[in-house]
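Undergrad: Heads up: the protein sequence lines correspond to chains A and B, in order. Numbering of the first sequence is given in the working numbering, commencing with residue 1427 and proceeding in unit increments. Numbering of the second sequence is given in the working numbering, commencing with residue 32 and proceeding in unit increments.
Warning: the hint list may mix true and false statements.
In silico contact screen, one side only, chain B against chain A (beta carbon under 10 angstroms); selected entries [unchecked claim]:
{"no.": "1", "residue": "Ala50"}
{"no.": "2", "residue": "Ser72"}
{"no.": "3", "residue": "Phe73"}
{"no.": "4", "residue": "Met157"}
{"no.": "5", "residue": "Phe166"}
{"no.": "6", "residue": "Gly168"}
{"no.": "7", "residue": "Phe175"}
{"no.": "8", "residue": "Asp178"}
Hints in this document: simulated from the structure, not taken from any laboratory. C-beta: ideal position from N, C-alpha, C; glycine also.
Here are the chains, one letter per residue:
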Amino acid sequence: MEMMDKYIYSDIELDIYEGKVIESLKKQNQQAISDPDEWLDEDISRNVLLATVDSVLNWARCTALWPVICFPACCAFEFMGAASPRFDISRFGMEILRASPRQADLMITAGTLTWKMAPQVQRLYKQMAEPKWVIAMGACGINGGVFKGSYAVVPGWNKIVPVDIYLPGCPPRPEGLLYAIEMLRKKIKKSSLKRQ
Amino acid sequence: MVSLSGSDIAAILGKNSVAGIIQVNRDNLVIDSQSLRGIASFLKDTPEFDFDYLSHITVIDYPVSFELVYQLISFRHCQSFILKIRCRDKETPSIPSVVDIWQGADLQEREIFDLAGVVFEGHPNMKRILLWEGFEGYPLRKDFKNDD
Ligand code: SF4
Chain A
1427 MEMMDKYIYS DIELDIYEGK VIESLKKQNQ QAISDPDEWL DEDISRNVLL ATVDSVLNWA
1487 RCTALWPVIC FPACCAFEFM GAASPRFDIS RFGMEILRAS PRQADLMITA GTLTWKMAPQ
1547 VQRLYKQMAE PKWVIAMGAC GINGGVFKGS YAVVPGWNKI VPVDIYLPGC PPRPEGLLYA
1607 IEMLRKKIKK SSLKRQ
Chain B
32 MVSLSGSDIA AILGKNSVAG IIQVNRDNLV IDSQSLRGIA SFLKDTPEFD FDYLSHITVI
92 DYPVSFELVY QLISFRHCQS FILKIRCRDK ETPSIPSVVD IWQGADLQER EIFDLAGVVF
152 EGHPNMKRIL LWEGFEGYPL RKDFKNDD
C-alpha cells in the first residue's frame, strides 16, 4: 500500500485515496495464497500412524497405572520394596503414588482389612475415577489369610471391592507383585470400549 | 526395678488396718473388689510406696471367674507390685473403676470392657473403644463364637 504523499484536506481527497488503496490491493492479489499445510502431502506417509481406538486407549491405561495410597498392613513393606530402586515400578509408569484417590486408577490391597476400616476403604474405591482396577495382594487380601475367622477382619477384600487380580503369598515378594502387575497389564490390554 | 513381695505389703497393709486381702502370694496380693479403691489410694498416697504409675491392667478369663491384674510402678522407689481381683460373676462382671486414682486406667478399662465385657463402675466414659457400637458379644471371652 502506498503511503499518503500529501495531506488530505477534504472528503473527496479521502475517497480518492481509498480508491487507490483498493485498486492496488486488487491488482496485487489475483492469485490464491498457497495452502500452508502443502508440505504435509509429501511427508504424510511417514508421519501418520493408524491404530484402533482400543489399542491406543489400552496402551495409555496400562502404561500409567497410578496406585492409590491404601496399604493397611505388613504387605505394604513388599510394596515399598517393589516401589524402591531395586525393583523399580517406575519402569511401568507406576511410581506416582496418589494420595488422592481421584487421581489414581489402581488399588493394591497390601494388607489386612478390618471391618472397622472397611467403610473408609470402600469410600476410597468409590472415589477413584473410572476405569479402575484392584490387585488383591497377599493372603489377607485374598481371604483374610492368617486372620481368617477373626471377629475383626474382613475375610477377603472382594467382600468390599471388586478384585481383578489375586496375588497369593504372605507376603508376596516384590517379584510376585511385578508379576501381578504384568498380569493386570495383560488384562487391561484385552479390554475393549465395546464391552464396557 | 524391684518387685515387692506380697507378704511384705500385706503386713504393712495389716499394720495400717486396711482390710480386703483375700490371698497373699509371693509376688502379688489377691484382694476383694470392694476394697480395691481403698487399697489403690493407700498404695498411691503412702510415701513409703508411692505407686504413682499404673503400668497396665489385664483381664484373664478363667472358667469360674474373671481375674483382673493391676501392675503398679513407683518411679521414685523403682519398685513394682501386682494386685489381683477375682470377679466370680461371669454373666455381668463389674469392678470399681480406678480412673480417678490413676488416669492411665481410662483407655485400658475401656479396652477390657470392649473385649472382655467387664464393666468398670464409676468410669467416666464406659463404652467400646476398638470395636464398633453394635458389635455383638465380647470377643476375648473364651465362650465367644464367631460367625465365620
Ligand atoms: S498376607 Fe501376610 S504379609 Fe500380607 S498383610 Fe497379611 S499377614 Fe501381612
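Undergrad: Against each hint, give a clear statement of whether it holds in the structure.
TA: Against the structure, the hints:
no. : hint   : result
1   : Ala50  : violated (40 angstroms)
2   : Ser72  : violated (36 angstroms)
3   : Phe73  : violated (39 angstroms)
4   : Met157 : violated (19 angstroms)
5   : Phe166 : holds (8 angstroms)
6   : Gly168 : holds (8 angstroms)
7   : Phe175 : holds (7 angstroms)
8   : Asp178 : holds (9 angstroms)
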